[in-house]
Amino acid sequence: GAVVSQHPSRVICKSGTSVKIECRSLDFQATTMFWYRQFPKKSLMLMATSNEGSKATYEQGVEKDKFLINHASLTLSTLTVTSAHPEDSSFYICSARELFPPVNTGELFFGEGSRLTVL
Amino acid sequence: KQEVTQIPAALSVPEGENLVLNCSFTDSAIYNLQWFRQDPGKGLTSLLLIQSSQREQTSGRLNASLDKSSGRSTLYIAASQPGDSATYLCAVSFTGFQKLVFGTGTRLLVSP
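Chains as they are written, first to last, in this note's numbering: chain Z, 4 to 122; chain V, 2 to 113.
Where hints are given, some of them may not hold.
Claimed, not checked - Partial list, derived from the structure: chain V residues whose beta carbon lies under 8 angstroms from chain Z: (1) Q35; (2) K43; (3) G44; (4) S47; (5) L48; (6) L49; (7) K100; (8) F103; (9) G104; (10) T105; (11) G106; (12) L110.
Calculated from the structure, these hints are not laboratory results.
Positions of the beta carbon are idealized from the N, C-alpha and C atoms, including for glycine.
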């Protein structure tokens, strides 16, 4: 299957700093990527839909100025957590849908996730 | 509101047992449904994808079924092994939306 890579896998930062998480589709192109957040022992909550070359679409309740998303190319989307607070500590996972799949199943491929800890 | 629910929330079985995980969704107009596995602190591993037009998919010891009319899907695991211990997530892509809605997950523990 297609491979999605996230970096960094773990990051610890101080309150007030900004952290950038990258999501790359390694062997396919993706016009659309999705960013999810997962709290401990909870399911995944969609934060935003990232569209290449245009503004991201945020879910209700997600602060767009807090969680900046940039999708500058067909293989890279970034999530920047600005002025991080301890309550932003969480597991962030991205996913991507192949632009031109061999078979159009609509399957989503997920990255390994990035664990953010804000001190 | 489009929601996905999974039961049970947790399940503990001895090795070798066959088991069924359940997933229900509120809107029958779905595009596809995916079952994932998540190990602690890790990302998601896709197990099976069922298209709206399909009734089931099989991969090795796993079999997933889909009944759109009743808003249900089941994941059947045959001859469970300790390595199957993980959280299993059901996710639905509802028609017209390019995103997945995840269920609450089932934490499975298979004891040797």
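Going down the list of hints, with the structure as the test:
Interface restraint check: Q35 of chain V against chain Z, minimum CB-CB distance 7 angstroms, threshold 8 angstroms, status holds. Against a cut-off of 8 angstroms between C-beta atoms, the interface hint on K43 of chain V holds, since the closest Cβ of chain Z lies about 7 angstroms away. With its C-beta approaching chain Z no nearer than about 4 angstroms, G44 of chain V sits inside the 8 angstroms limit, and its interface hint holds. Hint on S47 of chain V holds. Least Cβ distance to chain Z is approximately 7 angstroms, under the 8 angstroms limit.
Because the smallest distance between the Cβ of L48 of chain V and any Cβ of chain Z comes to about 11 angstroms, over 8 angstroms, the interface hint for this residue is violated. Violation of the interface hint for L49 of chain V is found here, the shortest Cβ-Cβ separation to chain Z being roughly 10 angstroms, above the 8 angstroms cut-off. At a threshold of 8 angstroms, the smallest CB-CB gap from K100 of chain V to chain Z is about 6 angstroms, leaving the interface hint in force. At its closest, the beta carbon of F103 of chain V sits 4 angstroms from a beta carbon of chain Z; the interface hint therefore holds under the 8 angstroms criterion.
Look at G104 of chain V: its Cβ gets to within about 6 angstroms of chain Z, closer than 8 angstroms, so that hint holds up. Interface hint at T105 of chain V: satisfied, since its Cβ lies 5 angstroms from the closest Cβ of chain Z, which is below the 8 angstroms cut-off. At a threshold of 8 angstroms, the smallest CB-CB gap from G106 of chain V to chain Z is about 5 angstroms, leaving the interface hint in force. The closest approach between the C-beta of L110 of chain V and any C-beta of chain Z is roughly 14 angstroms, which is over the 8 angstroms cut-off, so the hint fails.
When the structure is compared with the earlier hints, violations turn up for hints 5, 6, 12 and for no others.
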